[in-house]
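The primary structure of each chain is shown beneath.
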Amino acid sequence: MTGMKILIVDDEPNILMSLEFLMKKEGHKVFIARDGAEAFDIIEANIPDIVLLDIMMPKVDGYQVCEFIKKHDSYKHAKVVFMSAKSKEADMAKGLELGASLYVPKPFSTRDLMAKVNGLIREISGAAA
Amino acid sequence: MNSFWLIFWSVSYLLVLFFVANWAEQRSVKGRSLVSNSYVYALSLAVYCTAWTFYGSVGRAAESGVDFISVFIGPTITMPLWWVIFRKIIRICQVQRITNIADFVSARYGKSQSLGVIATILCVVGTIPYISIQLKAISSGFSILTTTNDASNSLWLDKAFYISIVLTIFTILFGARKLDANERHEGMVAAIAFESLFKLFAFLAVGVFVTFIVFDGFDDIFQQASKVIDLHQIFTIKEQKTSDWFWYCLLASLAIMFLPRQFQVTVVENVNENHLRKALWIFPLYLLVINIFVVPIALGGKILLGTAVKADQFVLSIPLHFNEKALAFVAYLGGFAASTSMIIVECTALTVMLTNNLVMPWLVSRTDFQRRFGGDMGQVVITLRRLFIVLLMVGSYLYYKNVSDKYSLVSVGMVSFAAVAQFAPVVLGGIFWKRGSLVGAVGGLLVGGGVWFYTLIIPSMVSAGYMSPDMLSKGPWGMDLLRPESLLGITGLDNISHGTFWSLLLNLLFYVGGSLLSQPTALEHNQAVLFVDVFKYSKTYESAVAWKGKALVTDIKSLLTIFFGKSHTEETLQLYAKQNKLDLNTRYADSQVVNYAEKMLGGAIGAASARILVSSVAKEEQISVEEVIDILKTSQELKTLNEELTRKSEELEQLTQQLKQANELLKIADIQKDDFLSTVTHEIRTPLTSIRALSEIVHDNPDMEEDQRSHFVNTITKESERLTRLINQVLALERFETGKQELDIDEFLMEDIIEESLEALDQLAKEKNIKIEVTYEGIYGPIRADRDRLIQVIINLVSNAIKFCPADTGKIQINTLQTEASLSFSISDNGQGIDNKYQELIFEKFYQTRDQSVRKPKGSGLGLAICKKIIELHQGTIQVESELGKGSVFTCEIPLGKN
Chain A
1 MTGMKILIVD
11 DEPNILMSLE
21 FLMKKEGHKV
31 FIARDGAEAF
41 DIIEANIPDI
51 VLLDIMMPKV
61 DGYQVCEFIK
71 KHDSYKHAKV
81 VFMSAKSKEA
91 DMAKGLELGA
101 SLYVPKPFST
111 RDLMAKVNGL
121 IREISGAAA
Chain B
130 MNSFWLIFWS
140 VSYLLVLFFV
150 ANWAEQRSVK
160 GRSLVSNSYV
170 YALSLAVYCT
180 AWTFYGSVGR
190 AAESGVDFIS
200 VFIGPTITMP
210 LWWVIFRKII
220 RICQVQRITN
230 IADFVSARYG
240 KSQSLGVIAT
250 ILCVVGTIPY
260 ISIQLKAISS
270 GFSILTTTND
280 ASNSLWLDKA
290 FYISIVLTIF
300 TILFGARKLD
310 ANERHEGMVA
320 AIAFESLFKL
330 FAFLAVGVFV
340 TFIVFDGFDD
350 IFQQASKVID
360 LHQIFTIKEQ
370 KTSDWFWYCL
380 LASLAIMFLP
390 RQFQVTVVEN
400 VNENHLRKAL
410 WIFPLYLLVI
420 NIFVVPIALG
430 GKILLGTAVK
440 ADQFVLSIPL
450 HFNEKALAFV
460 AYLGGFAAST
470 SMIIVECTAL
480 TVMLTNNLVM
490 PWLVSRTDFQ
500 RRFGGDMGQV
510 VITLRRLFIV
520 LLMVGSYLYY
530 KNVSDKYSLV
540 SVGMVSFAAV
550 AQFAPVVLGG
560 IFWKRGSLVG
570 AVGGLLVGGG
580 VWFYTLIIPS
590 MVSAGYMSPD
600 MLSKGPWGMD
610 LLRPESLLGI
620 TGLDNISHGT
630 FWSLLLNLLF
640 YVGGSLLSQP
650 TALEHNQAVL
660 FVDVFKYSKT
670 YESAVAWKGK
680 ALVTDIKSLL
690 TIFFGKSHTE
700 ETLQLYAKQN
710 KLDLNTRYAD
720 SQVVNYAEKM
730 LGGAIGAASA
740 RILVSSVAKE
750 EQISVEEVID
760 ILKTSQELKT
770 LNEELTRKSE
780 ELEQLTQQLK
790 QANELLKIAD
800 IQKDDFLSTV
810 THEIRTPLTS
820 IRALSEIVHD
830 NPDMEEDQRS
840 HFVNTITKES
850 ERLTRLINQV
860 LALERFETGK
870 QELDIDEFLM
880 EDIIEESLEA
890 LDQLAKEKNI
900 KIEVTYEGIY
910 GPIRADRDRL
920 IQVIINLVSN
930 AIKFCPADTG
940 KIQINTLQTE
950 ASLSFSISDN
960 GQGIDNKYQE
970 LIFEKFYQTR
980 DQSVRKPKGS
990 GLGLAICKKI
1000 IELHQGTIQV
1010 ESELGKGSVF
1020 TCEIPLGKN
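Going line by line, the protein sequences match chains A and B. Okay, so the first sequence: first residue is 1 according to the working numbering, each after it adds one. Okay, so the second sequence: first residue is 130 according to the working numbering, each after it adds one.
Rather than coming from a laboratory, the hints here were simulated on the basis of the structure. Small disclaimer: the values here were computed from a predicted structure and weren't measured. Each hint should be verified, as a subset may be incorrect.
To be verified - Below are the EDC-like pairs computed for lysine to aspartate or glutamate, each with C-alpha atoms no more than 20 Å apart in a straight line:
{"no.": "1", "chain 1": "A", "residue 1": "59", "chain 2": "A", "residue 2": "73"}
{"no.": "2", "chain 1": "A", "residue 1": "25", "chain 2": "B", "residue 2": "836"}
{"no.": "3", "chain 1": "A", "residue 1": "24", "chain 2": "B", "residue 2": "832"}
{"no.": "4", "chain 1": "B", "residue 1": "847", "chain 2": "A", "residue 2": "12"}
Unchecked claim - A few chain B residues that face chain A, going by a derived Cβ cut-off under 7 Å, partial list only:
{"no.": "5", "residue": "815"}
{"no.": "6", "residue": "819"}
{"no.": "7", "residue": "822"}
{"no.": "8", "residue": "823"}
{"no.": "9", "residue": "824"}
{"no.": "10", "residue": "825"}
{"no.": "11", "residue": "844"}
Where a beta carbon is used, it is the ideal one built from N, C-alpha and C, also for glycine.
Isolated chain A (complex conformation) (with noise of 0.2 Å):
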């Protein structure tokens, strides 16, 4: 269950800051972006099983950064968890059907979200075996 490789895309350091803590914590292997551009490099060089994923932010939102990973075979395989302080039904919608995985609306609670991240850890493991 552990050494899973996650990206954490988010245009908020503080958040980046927790998120890291909590990743580090169970024993992964964390990446950081704080936009979507970085994630893109991220994302084409180290090809993450889990990427967590804010959607409002400059230049490039989350939204095609889920699209970017679906779309390419090599990385598509990957979990994408939306965070997002965009709570509407439409939003979420919108995420679920770009292929991610969760919708987790912000502010969340880090117990909760690991614990989702973990039961995502187990899908993926469950599908290897």
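Starting from the known structure of chain A, fit chain B onto it as the hints suggest.
Frame of chain A, contents of chain B only:
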């Protein structure tokens, strides 16, 4: 000069005149009408200047000085009123197809046949003396030129008799050739205008001859005259004569309106109401010019000829005295022109009046008339008119032989003036006073006419020997108070003023009294409304019919055919039906058609006759005044309603458009509000997320490193502050936007608040090692503004500048410029600058240049929006100038001294 040649040339002149008339009618047919020219109209009005003006003025001037001018001053003074009076009369006559003054009066007072008769008789009786003096003038001119004595009592040797015959023929040619529904004579008007020019030319020729050739200018004449006569005596208006002046002026200004021939040229022959405008100054000018030489000729005649020659004949005698036969001949033709124009127009007007008001109503009411005259009624009317012209000329000739010869031209003319002046109350009252009624009109005209006859005609009959002189000296049956020349013992007025005073006074009293005491009938009331409110109803009159009844289309057609012929009737009716979208192929005629037919007939044979004729073919139902007014009002209202509806629907369309726009704006506002809310939500959730995550982490990880824990806890604090700030700003902005936030005006120094702001930012600036410089320019002194809000603006702008400035090399410049009128301060930095396209947008709330390639330090996104609101509350402006990579300048300017 030989009589034969003089007659030959006189007839030749008339032929020229006839040629002019013919030519004008030809042009009119080709669509280049002469009478559409306003100058022709103005000149035709000068038919006012007859032999009286041409010969009589000089005579009057020689006898009693400047008196003669009163008949020209009167019209000149009252001319401006014509725009009010005649524009209305012209419109009424056009709408109602009225062709003479008797018809006008009859139509106004309920299409009354008897009133038409009274008016006609008054006109004829009043005008015959006037025509007679024209004959007198021509024949005495003739005598002078042929140097024969005109004392022959034998008819066959009397030149005036032959002249009358020639003039009768020509008048028939001019005025009674064809029957027309509007009684317009373009040819005649053109000929009259020509005559006006010719008589002016002839008179001026004599005037110039006398003044500048015989004498050495005006000065010379007056110099020499002063030796012969008492000039002072003649040219002073005597005290006791001032009232005469008043009556003469009044008489002339009324006569020029109501003389049948003036009514003919001014009203009936008018083709365009706007021609009046030009006539209003051309005509008085004409009067002025033709009178310039009157006094010089009169004085010249006195000096040269003394009392040997009648002053009325000076115009001819002076040229003859110097053996200037050509000039004398021109002068004679000028006088001839003046007389003929008067006779032609007067007779034309009078005969139309006579046929339409005296004969036709009687003729058409006879049941056998249609059978008797078959389809040629038009010819009957024409024949009648010719007959009347002959009768009028005979009457005038007789009056001339028996009466006029014994009086001067002017005194006879004034008697005629007094007769037609009797129309003043009924006509003027008729167009301005709805209450004026038939009883009043009949009473006024009968009494006025009667008094006129008694005071002005009886005395002349006495002197002609038809009555005993006792009548004048002792009064009828010896009743002194009834003496015709001083009723009720009034003395001190000359006979004309006296007659005018009494006739007009009693006329007016009876008219007003009769009108007030009587109850008008429906038709009278109907006509009164149509006349007085002609400008209101003239457009709707055609379609709004004051007629209720049934008439067969075939009956109407045959009625019109009798007068206008088959083809003309068909054409006119078809045109009218087409214009008014009516169907003529029905059994019963539309009431509009019946009404139109009545008006057509009215134009040709008068309102009263037309009414009788139409009644004979139509079963009329009594129509009440309420119904008439209703019909008029309805069409008026329909028109107004239609206009109203059009306007309303336009308004509605505009309103819809406005609503659409408002809706669009609301939608935009709604979207903006949604955007704002979701942005606020997002902005609040972001620090909340951090706070929650970090607190949970700190809570769940008691074993974490101390450094990290304190960093996390610090971050929690900072994010809480951020949240607080954000909430405060959202609330502040909301207060500004809804106007709840008011300024707290205070007096302070700009230096103080800048210093205070910089102190608050000191720490921030030091962290990035940024230099801040401040300069002050302009006057030094306290300003009045909201201190705390301005500090808020300065802190906001400077802290933004600090944020965007590079560390260590950053430089911020604050410049203030204070004048009496305004305060401006600018904050410039050398930071990254703002792209042109964002410079407007940055002042909008939450517009943080999100998609800019350069990452920006985060703020609430409300700072600039709040700054802008604060500056705007101070009536000021905030602007930004910036270039990418070179820094930005924010400039605020607020007016001073207002608060």
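Hint check results:
no. : hint           : verdict
1   : A:59 <-> A:73  : violated, 24 Å
2   : A:25 <-> B:836 : holds, 16 Å
3   : A:24 <-> B:832 : holds, 15 Å
4   : B:847 <-> A:12 : holds, 13 Å
5   : 815            : holds, 6 Å
6   : 819            : holds, 4 Å
7   : 822            : holds, 4 Å
8   : 823            : holds, 5 Å
9   : 824            : violated, 9 Å
10  : 825            : holds, 4 Å
11  : 844            : holds, 5 Å
Violated hints, listed in ascending order, are 1 and 9; each of the other numbered hints is respected by the structure.
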